[in-house]
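S.K.: Okay, here's what each chain looks like letter by letter:
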Amino acid sequence: MDKLILDRAAIERAVARMAHEILEKNKGTEGLALVGIQTRGVVLAERLKAAVQSIAGVSAPLGILDINLYRDDLTRVSEQPVIHKTEIPFDIDDKVVVLADDVLYTGRTIRAALDALTDFGRPRRIELAVLVDRGHRELPIRPDFVGKNIPTSREEIVQVRLVETDGKDEVVVSQG
Amino acid sequence: MKILIKGGRVVDPRNNLDEVRDVLIENGRVRKVAGKISLSAEKEMDARGKVVCPGLIDLHVHLRQPGYEYKETIETGLRAAVKGGFTGVCPMPNTNPVADSRSDMEFMIGEARRLSLINLWPVGAVTLRQEGKELTEFGELKKGGAAALSDDGRPVTDSNILRRALLYAKKFGLVIMVHCEDEGLCGDGCMNEGLVSTKLGLPGIPVEAESAEVARDIQLADMTGGRLHFCHLSSKKSLDLVRQAKAQGSKVTAETCPHYFHLTEEAILGYDTRAKMNPPLRTKNDLEAVRAALKDGTLDAIATDHAPHSENEKDVEFDQAPFGIIGLETSLALSLKLVEEGVLSLPDLVRKMSVRPAEIIQTDRGHLSEGAVADVTVFDPNLEWVVKKEKLESKSKNSPFLGWKMKGKATEVLAAGRVVLESGEIVR
Amino acid sequence: MEAAGGVRTEWRWTRKDLVSLEELSREEIELVLDTAESFKEVSAREVKKVPALRGKTVANLFFEPSTRTRTSFELAAKRLSADIVNFSSSGSSTVKGESLKDTVRNMEAMQVDTLVVRHSSSGAAEYLARFVKAGVINAGDGIHEHPTQGLLDIFTIRERKKNLEGLKVCLVGDILHSRVARSNIWGLTKLGAKVSVCGPPTLIPSKIEELGVTVGYDLDEAIRGQDVLNILRIQLERQRGAFFPSIREYAAEYGISKERLERAKKDVLIMHPGPVNRGVELAGEVADGPHSVILDQVTNGIAVRMAVLFLTTMVER
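Chains as they are written, first to last, in my numbering: chain A, 6 to 181; chain B, 883 to 1310; chain C, 1496 to 1812.
For the record, the hints were derived by calculation from the structure and aren't laboratory data.
Note that the Cβ used here is the ideal one computed from N, Cα and C, for glycine as well.
One should not assume that every hint holds.
No farther apart than 25 Å at their CA atoms in a straight line, the calculated lysine-lysine pairs in the PhoX-like style are these [as the list claims (entries may be wrong)]:
id: 1; chain 1: C; residue 1: K1656; chain 2: A; residue 2: K90
id: 2; chain 1: C; residue 1: K1702; chain 2: B; residue 2: K1119
id: 3; chain 1: C; residue 1: K1702; chain 2: A; residue 2: K90
Chain B residues, not near chain C, derived (Cβ > 12 Å throughout) [to be verified]:
id: 4; residue: G931
id: 5; residue: E951
id: 6; residue: E1075
id: 7; residue: Q1101
id: 8; residue: V1269
id: 9; residue: K1279
id: 10; residue: T1293
Beta-carbon label-pair distances, calculated as ranges [claimed, not checked]:
id: 11; chain 1: C; residue 1: A1737; chain 2: B; residue 2: Q1126; range: 24 to 34 Å
id: 12; chain 1: C; residue 1: Q1734; chain 2: A; residue 2: D120; range: 47 to 57 Å
id: 13; chain 1: B; residue 1: D1197; chain 2: C; residue 2: Q1734; range: 29 to 39 Å
id: 14; chain 1: B; residue 1: S1132; chain 2: C; residue 2: A1737; range: 25 to 35 Å
id: 15; chain 1: C; residue 1: W1506; chain 2: B; residue 2: V1309; range: 54 to 64 Å
id: 16; chain 1: C; residue 1: N1601; chain 2: A; residue 2: P145; range: 36 to 46 Å
id: 17; chain 1: A; residue 1: A15; chain 2: C; residue 2: N1581; range: 32 to 42 Å
One chain only, chain A, in its complex shape (with noise of 0.2 Å):
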């Protein structure tokens, strides 16, 4: 059975504090930029771009990054992965880039995400904001800004759906 935990109001209101922590923390968007992760990272940093803008007036740029090409288990993935643009249109070095993802598990996304973005330049500092985080960490890895933390077993499926991506906002999780 599926089971809603957050609705379109929902998300739409853990957006728009996330862009609140994202300023507070960083005390403005002096050198802020965002980087999503494809394809649905990519819809949260746009979303976290327009609501610091409408917040601070600012405009933060944005890139896109796919890590497919930066996955550890890329020889070993059954399914065929589909390589995506990576975009990243600013020069990231001594920036504070926020890394938008959609949900947080084992960490390795965010890994291949580090090394993707090192290879554009060193940021001043790289900082993480995601939808969900579900936890079973196998990295050390942690969120610096977090929508929602849902507590999930290993089994089952924390569905993230975006209006860009999927034609409503939701996240439901159900069993596997």
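Take the given structure of chain A and dock chains B and C to it, following the hints.
M.R.: Frame of chain A; chains B and C shown alone:
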């Protein structure tokens, strides 16, 4: 020694015979062919359900000895021939050294005698070392046992040399077997020129490389009145020329090979070197023309152009592989498919594989008349078998027919009354 | 699912080898092109490297001299973090006494994952792919195909013209001896382009029109209305094979000069697989002119080869 072959369908076109008969062989000769022969023979063979015919003759083989014994030897080649139902073969002279002298003829014949299997009628070279320049000693070659002359593997490029050869050979009654290929048109081609060669990016050999030379050779044969035989014709254009020439009274004869009536250039797709031979496999249109020419008599004979090559030589890039495929052990079954498909009658098949070949090399074989040398082939036209590498007698296995389901196989072969194949196994 | 990126479920890339464009479907060609688009960005970075093929070994086996294709594959492999070794040998393997099969078996015994093969015999790559477990990528086999060149040409056209459907592309020059032409014909026709060939009648292969292309001998006529002119390199030694009487006459009849180009569409693309015989098949000013995308082809070649290496090496063996 008396041998009685009982109850077989005796197909002896020279004697217009196609009936169930008993055949009595005594002291190496055909003694009697009759409805029922009641007499005790030392050996009786039950040929019920089988075909008994004059021994099959292959006008065109390469036995590779001397010089290329790793491909084939006279022994392995003759064994393959026996397995294929042949009582005689004509090995081409492109050995190393080239068989262009009397002693070369004597060597081959001596080797065959020693093996005591079947007849070997050697073909001597037309020109020394097959270089196309100086004639060999036709008289000496004939004394050594040459049954024909050929520079096969290569054409006689110089028209005047071929003219002289045809003329000079008249004195000895020798036939000149020509491999028709315009070497300039052929270039570095390694398959038929056409859509498939374009797709595969392989240099092509145009049909005209064969037919242009066929046209020339018809002119030379008519001009000289010499005896000329066309080897391995593969294309409609060539066959149309031969048909026309024959209709106008030309005395030329011609052979084709089973691969030209069963395979097309498509067999090369995937760069299969087992389908690489010269002349190359042609199109469906040519294949149909070869069948039609067999049917209407434009083609006199079916030969194999048995051309053994080692596995190493063929297991290479396509353009590096040598031309040629083996054929002795599949020829009869592949030709029988034409009978099954209604292209040829059984007597026609015997004509193409025994009667006409004997006439072309002017040997008194190819018939089961009383007193004839008892070269006899017995085959079971319904025996089903599959071509398998490990079952082949030939030293080389370069056949595009590996894996093919066949119907019809020689079970007994008698050479001058000696049983060399019995129940499908080589005796001795 | 945490993994970013979509997963193709309808069909999968299953080829460990790329020997020709003849065997690829339209979807497969498009997947390579799409993947190459993503890879193009990697070469534009400060750090031109991703770890995708870390720990994989690619061997460049070049039995025919070629600097650019070999270098392009080498950079492609390196930008994917694969280890790459170069094995060059001029002359055919038989001359050296070792068969191609043995040479390649040896490379395979060294645990190479992917073999990039350039060979003067048509079908060499397909022949090798039949028996090696490693992946085989055809980097040009005789006059058969040069699939990665075909793909990079198509990639470059697509980049400029967006849609291949109905686009008019003319291949100019020695079609008979061109593996680039064959790969272009297969790839372009599968993507819906209208392909024509133009060259001396002696250099047009038999029955080429049955591959779905139109044939012309007069270049001035043939270039009208074309969106793309892909000019093939003329091998100067063809003159000796009596394919044409002189380089001078070839240049006059089939060279793309500035004047001749004026007959073409204003936005025509000029392509050439390189190296260019300046002043023969292509005037220098055209090669360097505004219509030329020759250097884009070189740049795109790396992205396309990265995509091919990535897709084929990722296939489970």
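S.K.: Against each hint, give a clear statement of whether it holds in the structure.
M.R.: Evaluation of the provided hints:
Simply put, C/K1656 and A/K90 have alpha-carbon atoms about 20 Å apart, close enough for the 25 Å limit, and the pair holds. A distance of roughly 18 Å separates the Cα atoms of C/K1702 and B/K1119; the hinted pair therefore holds under the 25 Å criterion. In summary, the hint linking C/K1702 to A/K90 is not supported, as the alpha carbons are separated by about 42 Å, beyond the 25 Å threshold. For B/G931, the non-interface assignment is confirmed: its Cβ lies about 43 Å from the closest Cβ of chain C, beyond the 12 Å cut-off.
For B/E951, the non-interface assignment is confirmed: its Cβ lies about 21 Å from the closest Cβ of chain C, beyond the 12 Å cut-off. Against chain C, the non-interface label of B/E1075 is violated: not every CB pair exceeds 12 Å, the least being about 5 Å. Consistency note on B/Q1101: stated as away from chain C, and its beta-carbon is indeed over 12 Å from all of that chain's, at 26 Å minimum. Remark: the non-interface label on B/V1269 is consistent with the geometry, its nearest Cβ contact in chain C lying 21 Å away (cut-off 12 Å).
Consistency note on B/K1279: stated as away from chain C, and its beta-carbon is indeed over 12 Å from all of that chain's, at 17 Å minimum. For B/T1293, the condition that its CB be more than 12 Å from all CB atoms of chain C holds, with the nearest at approximately 37 Å. Between C/A1737 and B/Q1126 the Cβ separation comes to about 31 Å, which falls inside the hinted range of 24 to 34 Å. Range check, C/Q1734 to A/D120: Cβ separation about 55 Å, and the 47 to 57 Å hint holds.
Evaluation of the 29 to 39 Å hint for B/D1197 and C/Q1734 yields a pass: the beta carbon distance comes to about 36 Å. Distance hint for B/S1132 and C/A1737: a CB-CB separation of about 34 Å, consistent with the stated range 25 to 35 Å. Between C/W1506 and B/V1309, the C-beta spacing of about 59 Å keeps the proposed range 54 to 64 Å intact. Distance hint check for C/N1601 and A/P145: the Cβ-Cβ separation is about 45 Å, which falls inside the suggested range of 36 to 46 Å.
As the Cβ distance of A/A15 to C/N1581 is approximately 58 Å, the hint placing it in 32 to 42 Å is violated.
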